[in-house]
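Here are the chains, one letter per residue:
6 protein chains.
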Amino acid sequence: MIIDCHAHMAVPGKLPAWKASLLSHRGAHGQKRPSFTEDEIRTAFTRVEMAEYGHIECLDRAGVDHQLLSPRPFQLMHSEEPKQLVHWYVSVVNDLIAQQCALYPGRFTGIAGLPQTGDSPIEESLPELERAVKDLGFRGCLINPDPFENNGRKAPPMGDRYWYPLYEKLCDLDVVGHIHSASSRLMPREPYSLHFINEETTAVYGLCKSTVLDDFPDLKILVSHGGGAIPYQVGRFDATSVPRKGMDVAGKRFSDRLRKLYFDTVLYSREAIELLVKVVGPSQCLYGAEMPGVGSSINPDTGMAFDDLVPLIREIDFITEDEKADILGNNAKRVFGLAL
Amino acid sequence: MIIDCHAHMAVPGKLPAWKASLLSHRGAHGQKRPSFTEDEIRTAFTRVEMAEYGHIECLDRAGVDHQLLSPRPFQLMHSEEPKQLVHWYVSVVNDLIAQQCALYPGRFTGIAGLPQTGDSPIEESLPELERAVKDLGFRGCLINPDPFENNGRKAPPMGDRYWYPLYEKLCDLDVVGHIHSASSRLMPREPYSLHFINEETTAVYGLCKSTVLDDFPDLKILVSHGGGAIPYQVGRFDATSVPRKGMDVAGKRFSDRLRKLYFDTVLYSREAIELLVKVVGPSQCLYGAEMPGVGSSINPDTGMAFDDLVPLIREIDFITEDEKADILGNNAKRVFGLAL
Amino acid sequence: MIIDCHAHMAVPGKLPAWKASLLSHRGAHGQKRPSFTEDEIRTAFTRVEMAEYGHIECLDRAGVDHQLLSPRPFQLMHSEEPKQLVHWYVSVVNDLIAQQCALYPGRFTGIAGLPQTGDSPIEESLPELERAVKDLGFRGCLINPDPFENNGRKAPPMGDRYWYPLYEKLCDLDVVGHIHSASSRLMPREPYSLHFINEETTAVYGLCKSTVLDDFPDLKILVSHGGGAIPYQVGRFDATSVPRKGMDVAGKRFSDRLRKLYFDTVLYSREAIELLVKVVGPSQCLYGAEMPGVGSSINPDTGMAFDDLVPLIREIDFITEDEKADILGNNAKRVFGLAL
Amino acid sequence: MIIDCHAHMAVPGKLPAWKASLLSHRGAHGQKRPSFTEDEIRTAFTRVEMAEYGHIECLDRAGVDHQLLSPRPFQLMHSEEPKQLVHWYVSVVNDLIAQQCALYPGRFTGIAGLPQTGDSPIEESLPELERAVKDLGFRGCLINPDPFENNGRKAPPMGDRYWYPLYEKLCDLDVVGHIHSASSRLMPREPYSLHFINEETTAVYGLCKSTVLDDFPDLKILVSHGGGAIPYQVGRFDATSVPRKGMDVAGKRFSDRLRKLYFDTVLYSREAIELLVKVVGPSQCLYGAEMPGVGSSINPDTGMAFDDLVPLIREIDFITEDEKADILGNNAKRVFGLAL
Amino acid sequence: MIIDCHAHMAVPGKLPAWKASLLSHRGAHGQKRPSFTEDEIRTAFTRVEMAEYGHIECLDRAGVDHQLLSPRPFQLMHSEEPKQLVHWYVSVVNDLIAQQCALYPGRFTGIAGLPQTGDSPIEESLPELERAVKDLGFRGCLINPDPFENNGRKAPPMGDRYWYPLYEKLCDLDVVGHIHSASSRLMPREPYSLHFINEETTAVYGLCKSTVLDDFPDLKILVSHGGGAIPYQVGRFDATSVPRKGMDVAGKRFSDRLRKLYFDTVLYSREAIELLVKVVGPSQCLYGAEMPGVGSSINPDTGMAFDDLVPLIREIDFITEDEKADILGNNAKRVFGLAL
Amino acid sequence: MIIDCHAHMAVPGKLPAWKASLLSHRGAHGQKRPSFTEDEIRTAFTRVEMAEYGHIECLDRAGVDHQLLSPRPFQLMHSEEPKQLVHWYVSVVNDLIAQQCALYPGRFTGIAGLPQTGDSPIEESLPELERAVKDLGFRGCLINPDPFENNGRKAPPMGDRYWYPLYEKLCDLDVVGHIHSASSRLMPREPYSLHFINEETTAVYGLCKSTVLDDFPDLKILVSHGGGAIPYQVGRFDATSVPRKGMDVAGKRFSDRLRKLYFDTVLYSREAIELLVKVVGPSQCLYGAEMPGVGSSINPDTGMAFDDLVPLIREIDFITEDEKADILGNNAKRVFGLAL
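Residue numbers (the UniProt record's numbering), protein chains in the order written: chain U, 1 to 340; chain P, 1 to 340; chain R, 1 to 340; chain H, 1 to 340; chain Y, 1 to 340; chain S, 1 to 340.
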């Protein structure tokens, strides 16, 4: 069974249209919550957008059995004001994902968006998380390390007490926190897609340099896009976390902590996926392709789509078949507690 | 011949003491330019600091014949005010590097610091570059993509016209621009060492998404620390630079441009160095170990220092011996124009 | 012939969806300019939205022969960044209006949006105005007195030299400037619909207290929503513009200048429309209903839609039938130079 | 009996001289509270300033029996710092008004200034209100919706909980809140006199879109200058407060709430006063002329002063004589609880 | 002949009243320039305010023959906006001083206020200086080193090129620049009277540490209140301007430059005046008492007014009678070029 | 016995080098607390720096028996961030002073630095004060009235309740608060050395205009550099604190309060020292020379060092020998409670 742990909802045109409306009236028209017909949803899942085929067909062709479906992060607009807009939008999006999961039984499991906003305590986003898990049956949520969306201010690092109420709630609910930033206003210097990578790098660093993983031994964190730069740069951060002549080193070894996190394989190159598996170990890798999406174009070097990652994993020659099966699905089942 | 293309000066205690003084009086005492005796310099090169041995001994033991010596980037204080302090400090540091090169003939070549400051046109730092190359015989300079040092504002991306006078000057002088940010004020979220990685990621992205490399075909850019996240994330950025159903793609393929840049091997893990060589090719890789430095602790897994990288390169099984020699020294000779 | 001088385009769902996309990727995906099929446009003009009937049917039922069609102002997002988004959006919207005019020949005339942005000289928006008039055949444009969209900063008043290049261009092109602000970020204090009124009040004040109308005797300015508060408050401003014991009064009488402006009748009450006609005279009033729109609900007191204004005008007992015809259509023909 | 419900104190030259002194020393000289002789006050009431005649003579000529006397709002300097200056100034002004009322028995009733300052909770201004009512016998106070005086920041809208302690206190004391902003720093875009109108528009909107009037059924609010733009624009706001196809409408009808407020007739044109009476009904209109003042110049069209409003009210042909008497005086007696 | 070189105008009540009016309407009422009758001026000069007697009587009793009359500095409101208010106010004040000089022939000479404003080039204040000297016959002007009035920003130091156009103009016109700051917004930390002292200290420091006095050898600068802290602290600044072991010292000796400036004796203690004369020499001291004013109270230790300084000077036992005469009058005649 | 009450530690080069390191890594390397050998300390006390001789030799030659040793104020970096750096630095500095006192028994007594930071309540610096007194045996601390170091914001004045917890702690511990600001960022307008003077002026003003000295009758405050401008300007401030015709004067006489403070003689001119003794009385003056330091250059007029102040005090002809002895040592013994 192949499970794509990092995938985003199909978006009926009504959703961004409603979002644009919110951003035009800034709440003056009230919520005017949209609803979506089954047809609209099916259309969204068959529409050809970033890939050669529609969403469902992409999955079928790639042999993907199940996807963890979350909001499209760059559309979450965490930095917009008034903050009520963010709460409205996330709530609608989570409901739509639940509707999508229900419409394709067994195909999808929901991952919630959190209504994070820059200046607010993280507690304000927890009721929606609880609703998503308890009422909608979701198994995790996105965590945005930068709810200011690169507007010049920044939230505390992921090791800060600011985030502890969220970590507690994730442990209480026994669901997964999936690190993924939203949009970026620092244009054209750092578009959102690049910002993802930098924020993942910073988030993993913040987690591995702090005691979060010691304080919450049951916390399950999944990092997007293979962990940003960290697995590639692990030597650098490892080197300053081991003893050295005449220097105290506080805390545990960086790479030991790193191997307590989970990483998806949304990397789009054989070299990168292999490096990830070597560095963090097969038990920490979850197949992810974010399909269809940014990787759905054809790699001229291979003639295959960049996001056609199952073959790359099957061809890894330094892990066992069981480990491959773990990466492709079993790890996701275990970590997300999927009853498939 | 083994050449470490990324190394930093040894620092006699008088230099930071003078710097602290500048930051205490903010220019009120005038420049009071320090001078350094040969003894002070030799002491600095034999002092045991980050490594098991002194600087020179580290090189000898690792079999490194030559190093390109630049200022310690995180000490460059580009964001301090008044701006005159930055000019004073960089000028002293460049002179000190020249003195160090002269004291150890054949062992070092100088790479200049640039007196970059946040709000200033890049032109203001070019006289010092010209001085360093023409008067001091240096063969390149550090380029800080974030002279604001993470204080909330940012310089334009590396593809912006803001940087063109620097690129022109580098081409005119036929020297190398070495991308390396300085300190970071965004503490504790993003310490300088992490900021290096994110800024390299952003800088390479900015170069490969713009026409800089087309506009300056002779420009030679060396990226620190193996290019931040980019070689590991190359699939991601490549995927959006190739044609896709129903979408125009402006510009050249990301990975094609990427392979016009040079990268050092300051990565401290076998997996990362091998990935780098695979992704950008041996002709673009320059041996770099930044020795002694952050990587000079002992890797408990191998019993060797993290920065003992020559063996890792010699053991790569997918390139030729000539290619290894290129990485270890010939590329540096060619790119920096070293007469060794 | 009845001409509604103040009406807004019908909006196919694709337009706000595209706008939401721009605001999510902030330009990172490029322009990805949408196109609209005739069907999509017709659907937009028949969709029941704010009114009991679709756009075209509303006009037919109300006996409106022709409408001047402009962008929906509160969606113009003049304060969003980077500024390029504003230029892209306005250009698409103007093209769509042109397409709508062409699809319903004789029914609509285009009024352009201007790509105004807060910090930019007004000259930056003039090429799009010129394109709209010369290439698309439009007969005027919206002018937003507050391109900052109530974000705490403000553009200079309408009498300031800042606006003169726009006034010159309007005179050169012989088209109408239609004052209408966009959205408002000052929420919940001043939603966009209230902000319209305050900005019209301020704009008319700025024009009548300055020499703009003397300096540009041919300038044709149409003020939305019956001029905000001004016709109702005219006594107040008139009183300080006439001579008074011991006080110099600079400039002309306020009400004399006021009567050089044009006003639409988008007021939705008999009392207000009658006051407007009395205060500025029938020659300065242009029928406007903004139909369908905010006024398309049913007035419980009358059983008619608030925006069913033709009867109110026909029932005015203190002007002639010719004057009524002027208000209902002839004035618009003359002012906008419509060849109907 | 004719009662002008909106009038401002006569100002002996010593008061502004003392104010200028406060603004020069910013409190360094201490309060140095001025006192005023009967002669100085009488001089102020006979001095010819804005009108053809002195204050008292204006009233006698216009047949005005009684005035509600408040501070000159544009002189209240609510945005000046340190905030103590505002408290000092308002306290002196209220005392002076009390002295003026005492000097002309039966002619005036005091309306207090409130020492509002931008960043302070409204509670800080309530002791002075209580003092003015209980010790000085005043029957109401001015309420400034924008104590920041247009400096770029804004207080919450009038429907916000911020204002509830004031509303409670007004109900407890059974006195009237008279909405009137102070000066404006947004020059030359929006001088204070224009700012009055926009702030009244915004204040009435805030009250009628919120539940304030439901939560405080006994609250008595008088709006200056005929309510800004609102009675003229009532159709606009009414239209979005009635049910509409497919749209929920929260709250009560706008015009129903509007008719719970009181409005003065400080409008200076026949058309405007008649519109006001039609829209809000005679029971909600209170004669106000702000005499002598901005309206004391001669209207060239009529040869009468703009503020000679009694004839305009007497000539209204659609209300009864009793209703005219209500407007001219009885309403004021009832609303302010005047024992005349 | 005794000449008080530092004195301020008598202020008729109408002037601050007009100023308060400007600050209330912020220019909305226009300039409404006040005029002053001879009676009003005479009243101001006989009114008992800070002293036991009126202005003229104070002079007569103290035996002061002539005063240099400037605006009251703390009332100059250089930091108020819009800036036009400053220009209006200063122009009226200068005219009033001219009128006062004319009314008391031989008693007063005018010293102009400058319409300095924080963000403006100093050139904007020079036309008024030229007018004051050429049209009104004034012999100098006040210079405010801090036109921001302690609002958190600061003008460049007095040695900066910013001020050079003013120095040139002073030399061209052959008149004196009298250093005196205006008000202070940094309350209650630093009231204006304390701010005077700190700004004089800073101004003298800026002049003596720069080359201003070398670049303008004919420049005549008079420093208020005996030079702030500088004559008392001269050792401190002198010590760092003389050669020292191993240290270069740029520029001339501090105390040598100091003795090119002129100082008034507005110090109100015997010890301070004697120190001043010792430190800068009798040729640089000009009698100043700022009478009547802050020093017009009775010193309980002596029974004399603090500003009764003539006896203190006469009693100095270490200078000659000629030197005393110089201090008391001849220096002022020479420096200001008075034809008395 | 001669006691210099105002002296600063000798600084081994390692201390500023460590400080520069902190400011480069901003805490990323952790505290890495330096330690100092006896040799390093002795070297610092014999190094020729500002003076002709080393620290100890200067004292011996000047006949100074004992010094109160505090941190070098301009190096305290109170405005640097993150604030933890300030706490680290001050703690190391205090420990180093304690080590210095121990190394030269009987020669020095420690005065602590306080870890003040701009935005923090003063309470945050009190644990370090308590540690310095109780654990290290210090007898006082520096108080910086401007922990923002002239960055545009300011702490409350010294009379404000903000400082009361510090005053209480000083009284509880029975130690002295020595007023001395740190560095200044307002360059080049106000270098730190000038800023000292202005801040002392402001601090003394704040103390003498408030009730601090009444509220804390046992509080012992020593003011640096002879009190800034205050003793020289005392007449000015005294004059407004005595009764005056028609004016209330709040509080006590300025000069009476002034004489409750203590002042050092760090003035470097005979005239200034004599003025100080006359104005505040010999009981309030403590010999201070800050030797070696800013005053250690040779006064060309006398051929002696500026800081050779003992002769100046011995030569004062208007006090007794006992009073001289008090100034030179007994006062310090008493005020600081020194058991010498």
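Heads up, a few of these hints could be off.
Since the list gives no way to pick out one identical chain from another, each pair is judged satisfied if it fits inside one copy or across any two copies.
[To be verified] In silico EDC-like cross-links for lysine to aspartate or glutamate, where the CA-CA straight-line distance does not exceed 20 Å:
(1) 134 / 39
(2) 14 / 40
(3) 14 / 95
(4) 245 / 135
(5) 14 / 130
(6) 278 / 317
(7) 260 / 215
(8) 154 / 81
(9) 169 / 135
(10) 14 / 39
Calculated from the structure, these hints are not laboratory results.
Consistency of the hints with the structure:
For the identical chains of this complex, residue 134 and residue 39 are neighbours neither inside a copy (27 Å) nor across copies (43 Å), given an alpha-carbon limit of 20 Å. Taking the shortest Cα distances, residue 14 and residue 40 sit within 20 Å of each other both inside one copy (9 Å) and across copies (14 Å). In this homomeric assembly, residue 14 and residue 95 come within 20 Å of each other (Cα to Cα) only inside a single copy, at 14 Å, whereas the closest approach across copies is 22 Å. In this assembly of identical chains, the alpha carbons of residue 245 and residue 135 never lie at most 20 Å apart, being 55 Å within a copy and 31 Å across copies at closest.
Taking the shortest alpha-carbon separations for residue 14 and residue 130, neither the intra-copy value of 26 Å nor the inter-copy value of 34 Å comes in at or below 20 Å. With identical chains, the CA atoms of residue 278 and residue 317 are at most 20 Å apart both within one copy (11 Å) and between copies (17 Å). In this homomeric assembly, residue 260 and residue 215 come within 20 Å of each other (Cα to Cα) only inside a single copy, at 13 Å, whereas the closest approach across copies is 46 Å. For a Cα distance limit of 20 Å, the shortest separation of residue 154 from residue 81 qualifies both inside one copy, at 16 Å, and across copies, at 16 Å.
In the homo-oligomer, the alpha carbons of residue 169 and residue 135 lie at most 20 Å apart inside one protomer (15 Å), although the nearest pairing across protomers, at 45 Å, exceeds that limit. Within a single copy, residue 14 and residue 39 get their C-alpha atoms as close as 12 Å, and across copies as close as 17 Å, so both meet the 20 Å cut-off.
Against the hints set out earlier in the document, violations occur for numbers 1, 4, 5.
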